[in-house]
Amino acid sequence: MRLSLPLMGLLTVMAPAQADEIVSGSTFLSPELRRQQDDPTRNPAWFWVDQGRDLFAAKRSGGGQACLDCHADPATSLRGAATHYPQVDPSSGKLLNLEGRIEQCRVERQQQPAFGYETAEMLSLTAYIASLSRGLPMSVRTDGPAQPFFEAGKAFYERRQGQLNLSCKQCHDGLVGQKLRGDTISHGVGTGYPAYRLEWNTVGSLHRRLRACSLGVRATQFDYGSPEYLALELYLAGRAKGLPVETPAMRR
Amino acid sequence: MSFPISPRSGRSEALSRREAVAIAAAGLALATWPEMSRAAETETMDDLVRRVTEGTVPAEGGVRLEIPALVENGNSVDVRIAVDSPMTEAAHVRWIHLIADKNPFPDMARIHLSPRAGRAEVAITLRLAQSQTVAAVVAHSDGRYAIARAPVVVTLSACIDGG
Amino acid sequence: MFNARITVPPQAKAGEPVEIKVLVRHPMDRGGQSDGKGGIVPRKILNRMTATYAGAEIFRIDMNTGVAANPFVSFCTRAVETGDIVFEWREDGGATYTRTARLTVA
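These protein sequence lines are chains W, G and C, in that order.
For the record, in the first sequence the residue sitting at position 114 is 114 according to the working numbering, with numbers rising by one throughout.
For the record, in the second sequence the residue sitting at position 135 is 135 according to the working numbering, with numbers rising by one throughout.
For the record, in the third sequence the residue sitting at position 67 is 67 according to the working numbering, with numbers rising by one throughout.
Hint data in this document are derived by calculation from the structure and do not stem from the laboratory.
All C-beta atoms in this analysis are idealised placements derived from N, C-alpha and C, irrespective of residue type, glycine included.
Under 10 Å between C-beta atoms, here's a sample of chain G residues computed to sit facing chain W: (1) Pro68; (2) Leu70; (3) Glu72; (4) Asn73; (5) Gly74; (6) Asn75; (7) Ser76; (8) Asp78; (9) Arg127; (10) Thr155; (11) Leu156.
With the hints as constraints, model all of the structure from the sequences given.
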């Protein structure tokens with residue numbers, strides 16, 4: 001077994017972590033940050049949700065439709081929608097996450113230019129729609145047409161990568177609860193995203209977080225919305241089955 | 001005394017090399033900068049404090065500075081300051097000045113209060129560049145100065161990313 | 001994109017101090033970083049926030065780059081009368097933003 005030296009150091013001094021029960025990233029926040037996350041007077045991510053609500057109702061230029069024209073009463077009609085993403089789009093057979101679905105709606109239905117991943121508009125709409133499912137359990141499909149994507153995501157999760165030759169699994173299953181620099185290693189579920197991350201000073205997507213993970217182990221950073229990260233997102237969502245949506249969360 | 005917080009108020013007589021380069025790049029004249037950079041290395045918290053108190057050494061006590069001893073991320077640090085003061089016309093806090101001695105611009109903020117506050121208690125989120133001492137300098141209406149200091153260790157998150 | 005979330009107690013007793021909480025959306029760009037095109041990003045922060053209530057300025061903060069992005073500020077004011085607390089922010093470059101919050105005094 002080949003382990004990088006620093007990791008071997010970690011393993012020798014630490015007892016094996018309990019990886020049986022997957023828990024939310026919020027569990028690993030400091031009490032202070034958790035309080036800040038749960039206090040709407042303190043959590044800046046709500047600004048993005050507010051912006052998303054406005055965009056959702058905004059009429060498009062040239063007499064185009066607003067999101068709200070089709071999705072009336074979104075607090076009811078879209079409640080729970082985010083718990084089912086990523087999902088396979090029946091017409092194209094592609095795996096779409098919430099961002100992908102919003103972009104598809106915008107381009108194909110509203111006939112508007114794409115927002116682009118990680119734009120303020122896309123982050124806001126995603127945060128708003130995900131926030132409508134707050135507290136509801138994640139319930140993505142991992143069988144049927146989703147199965148190959150789920151398997152690909154699982155393989156990605158378990159594959160050693162990068163100069164540090166680490167897999168996601170080694171830390172996020174094997175060393176959960178242990179310290180990595182100043183952080184506590186979580187299960188790596190994405191149920192709070194888009195989230196306000198102190199490191200970013202702003203709200204970012206799960207794929208932005210995954211890019212930071214890739215950089216952290218000095219592996220290839222894939223593009224926003226890439227097939228690799230989409231499959232991984234599905235695997236993480238499958239692992240998180242039953243955990244409540246927490247968007248907009250705060251993370252360190 | 002007027003003390004506007006401006007980009008140049010950080011170290012009017014003492015710039016770090018980094019600031020000096022940044023300011024030079026911004027097109028500001030820097031005729032004597034070798035001397036300035038030398039001063040930066042020796043400028044202590046006491047120097048920084050004396051600048052805002054016009055030379056007076058502030059008294060310790062009467063100021064509560066709540067700040068985590070171990071900061072999770074320097075980008076956003078919760079600070080709460082409470083000052084013992086009746087907050088009346090006769091005796092109140094005029095301002096609270098926040099200093100971080102190792103920030104590129106050590107003067108972080110100045111909070112102006114009046115008797116209308118009723119209570120001299122404020123909170124703000126700060127940005128700390130590294131482990132250092134944070135000080136709250138308080139100017140009372142009778143001309144007294146008071147201070148509270150706290151050493152702060154700033155840690156890094158595990159995954160620092162370029163986006 | 002500026003925005004502010006101002007929280008005041010639902011009701012205040014005349015003469016008593018109340019806590020006012022203000023969360024602001026602003027990048028508080030400290031400047032000085034490379035813009036990736038050979039230039040340097042200029043500083044762009046909110047350099048001042050004032051709050052005016054019942055005829056007088058009750059709070060002012062002068063801010064430098066040591067204030068966090070999307071900052072939170074809280075302060076106290078003695079409830080005087082039912083009325084608006086008017087907030088004004090001044091940004092580098094001269095732009096200003098205002099918001100009001102109504103304080104109800106019993």
